[in-house]
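Number of protein chains: 2
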Amino acid sequence: MKKSLGAKVVAMPSPVWIVGTYGDHNQPNIMTVAWGGICCSVPPCIAISVQQSRLTHSNITKRKAFTINVPSRHHLAEADYAGIASGKYADKFSVTSLTPVRSELVDAPYIQEFLLVLECKLLHTIELGRHTQFIGQIIDAKADEAVLSDNENPAMASVNPLISSAADRKYYALGECLGQTYHIGLQLVDKNGK
Amino acid sequence: MKKSLGAKVVAMPSPVWIVGTYGDHNQPNIMTVAWGGICCSVPPCIAISVQQSRLTHSNITKRKAFTINVPSRHHLAEADYAGIASGKYADKFSVTSLTPVRSELVDAPYIQEFLLVLECKLLHTIELGRHTQFIGQIIDAKADEAVLSDNENPAMASVNPLISSAADRKYYALGECLGQTYHIGLQLVDKNGK
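Line by line, the protein sequences give chains A and B. The numbering used here applies: residue 8 is where the first sequence begins, and numbers increase by one. The numbering used here applies: residue 8 is where the second sequence begins, and numbers increase by one.
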């Protein structure tokens, strides 16, 4: 028997991504988001949701660009901090000792120390209510060579990203690999011939 | 030194969610998506991206509703299958032996056997290119009582959701809990006084 929980955003899992932007006087800023996801293959797009009060909201609106920086497990403290503090009052790059690198493709900085980053140009701004959804077109993805598998794509086990849950407000680690997509389900296709 | 990978949708992690919809003649259908995320707190909204060729695209457009069903690890084969087969040719509820339950709140079925489901009304349809993003307002979330923690929210460790990666096309399990959000980062706030 299921219990009704009301209209709550308890979907899971959520990613943990650090958004890189420039503010006034080219001040680089970072902010952690958990609400977002890939949203289109052609053009390649990613969506993130940000409250209007955040500096990142203003920065993206003005610069029409942002980066997505994927923290690995050992950057948990930095990722959590970047979601707590505001760039209006703190230099979050300085506090975390992370290094901003100016993207050559979009008007935003990415984090040198992170293994996987995406450089995005703002494509759509969708006012949803308390949150604004920014959809960015991925102009380039960059990864440290150490995390690339044979097919030149970053291996998730090597990036070892953080996972979060809005429902219980916790961070989790990535667990073991369970297999290839579009593979284990074939047993059901075969059984039924369609 | 980072290597440029080109304009690829290699962000990670992605969720694994099964979307429930009704088609013609009230035929219940399921389809697995990995591209989506929570996108607003007020009103509570969730976004999923679906290609125009999919039956689910047509069903959501006609019925203005869908459900998000969160598969647990032991439903990996069913989740993978629902992403392989098309509801145009197969009765995916029948093949997977899952049970559709008619939502009393929205015009879509949810999966009885799954521990966490969200019932959504279509709020926005955003044409991005090869994918359409459907933003649904969460009307209710329902969970089995066994996965609810003290605060009446579903605990991610109990739901034990699947995690995926578009970059290496693999499924992963959830790993161990690493702590509360807005906690471990406080050490950096304290150190710097802001």
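Quick caveat, the hints were computed from the structure, so don't treat them as lab data. Hints are not guaranteed to be accurate.
Since copy identity is lost for identical chains, a pair holds within one copy or between any two.
To be verified - With a straight-line Cα cutoff of 30 Å, these simulated BS3-like cross-link-like pairs (lysine-lysine) come out: (1) K9 - K69; (2) K177 - K69; (3) K95 - K10; (4) K177 - K15.
Checked hints:
1. K9 - K69: Answer is between; shortest inter-copy Cα gap is 27 Å, intra-copy 45 Å.
2. K177 - K69: neither (32 Å within a copy, 37 Å between copies)
3. K95 - K10: Neither way: K95 and K10 sit 41 Å apart in one copy and 32 Å across, limit 30 Å.
4. K177 - K15: both (16 Å within a copy, 29 Å between copies)
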